[in-house]
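Got chain A; can you put chain B on it based on the hints?
This is what each chain is made of:
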Amino acid sequence: MSTDARVLPPARPAPRGILRSLLLTLPILIWSLVMFFHPGANTKLLSRIAAAITVLFMTALFFMMMRTRNTYRWRRIFFVSLGVFFPVGFIYNLILMRGSMGIPIEEMIAGRTPFCFMPIPMLILPAALTRTLIFPGSIGSSNHGIAAMVALWLALTLVMGKGWCSYACFFGGIEEGVAAIPQRARIRKIDPRWRYIPWAVLLSMVLLSLALFEPAYCMWLCPFKAVTEYVAARNALGLVQNVIFILLFAGLVIVLPFLTKKRTQCSFFCPFGAFQSIFNKISIFEMKIDMERCKPCLVCQNACPNVSLSKESIARGETLLSCMKCGACVDACPRHAVVWHIKGTEIAWKPERARLMFLYAAWAMAVMFGGSIIAQGIATILHFIG
Amino acid sequence: MAVFASCGEALILGLASGPACIAACGPVLVPSLLIERAGMKPHARYLSVFLAARLLGYLLFAMVAWELGTLASMLPAPRMLMMGAVYVLLAGVLFWYAYSAGRSCAHSCADSKLVSIGENRKRGIAGAAVLGFLTGLNLCPPFIAAGIRAAQLGSMAAALLFFAVFSLGTSVWFVPFISLCRISRNQAMMTVARMAMVIIALYYLALGIAILFGKNVYVY
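Top line first, the protein sequences correspond to chains A and B.
Those letters in the first sequence? Residues 71 to 456, per my numbering, in order.
Those letters in the second sequence? Residues 37 to 256, per my numbering, in order.
Just so you know, these hints were derived from the structure itself, not from any lab.
Computed from a predicted structure; not experimentally measured.
None of the hints are false.
Here's a subset of chain B near chain A, in silico, CB distances under 8 Å, partners left out: (1) Pro55; (2) Val66; (3) Ala232; (4) Lys251.
A partial selection of chain A residues facing chain B, derived with a Cβ cut-off under 8 Å: (5) Leu199; (6) Ala270; (7) Val271; (8) Leu277; (9) Leu278; (10) Ala286.
C-beta: ideal position from N, C-alpha, C; glycine also.
Okay, chain A solo, but in the shape it has when bound (with noise of 0.2 Å):
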């Protein structure tokens, strides 16, 4: 930590030329216009203007990256409407094709419940052990197939490790809105032993899907069921179930998000964003914190929405392991000592270029991924508009 009289950095870095940003933002487009507009693609006219309002927001909110070089505001708007609009396509399709929000057992069964990726880390040992999928889902005849979510998750992971937790997870969307909303937190202090619920339910619930052979994580703790697809409740227990859904999607997707302006359900609970934790060791992105320019003013850590900066963490010039990416760190820095970081080099190595490397691959996923999500979601207001 410098205490010398080295000049500040400006507050914000100059905005890149309009030009520059066009060209690179270019890839993104053409991406983005094969993803959505490849020969075989949906021909159907709704389906086709809600391709093109997402070609256009995608592109748009990559464009606004590369102009500002600010990621974390453009990222959040992406990364609330994926989350916005998933529930409305999904619920949408849901209804069409079972009737219903509520799965019945002999859907499960039949196996003919939508792959989520949330049960991943819980499938993995009763995989290993006895050759066997708990989960009550179709392996590869579906769009929602698990082995195709599985390969797809393994191929991102691998690359941004827990970045998927802000560029692909359609769960988290709903809570950054809602932590948006209000100007201040009104509980600031938050005990740091929270951070360790994801990994406690982590492993309490690989060992007990193992042990029961049902997905215990779905069947009982996630909270998102209450948006997705509930148990369809037949008894007692049933009802018991979509309680404990309810109260949890209230308490940490609404409730808490709003009074702390954090991500409380993926900080203190989730635990496939714990299991992703463990990939940010694999993944070559990383953050770093310049110790050259900080001086330890923990406005990173009061902007990390994901409580993954500590003073301890910030000393070693480090984010915590279960840092997402999302950038909220590095625009709030008054002076830019948290940086995008390529393993291997330099800290104070281009951090521009990192940044940009590693949005290139985020926002390629983002597209592919969330950007279906939300051309689907689009299509379905418009279905119903129309």
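Relative to the frame of chain A, chain B by itself:
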């Protein structure tokens, strides 16, 4: 000769059922092992106590069931009742264990004694023994399979021997758990293990109560 054949059969059944056994015992065993001090010796000691108590639970259950003549023909209703009761008991012990572990010096002091449940270390009971005993009473599928086979033997002694050898066969699968001693222990690990123990206890409690009340998520 028949005894040898029976023992061989029990051993093979135990070895074959091992994965199911470690799956069933995992939620109890892993967090409680992570609470103990790091090092081969404490882990080996913990596992020895746990497995010995589990064997005791097996034998006690087999003896009582043999006497009552219900080793193989236990009706689903009382079987479920027993499972529900064991789950509730396990939940209670896990809560107590997690609380006691917070007061013990498992990771910070030089004392190599196991975490004990109770007010203080002199009066407390070794947590490994209680958990091992209760998992021994838990009617997991391999245990039921062994019970059905043991019931076909001629005497109680033969049935108990069958269970003992079966338990030995399954115990081989528990040896890799000693590798958990390689995971370094610190405050974070202790806290995570204790929290996981509480979550598992809550799960078992809910499961136990549901079973006792005859409710099942999958049956309507």
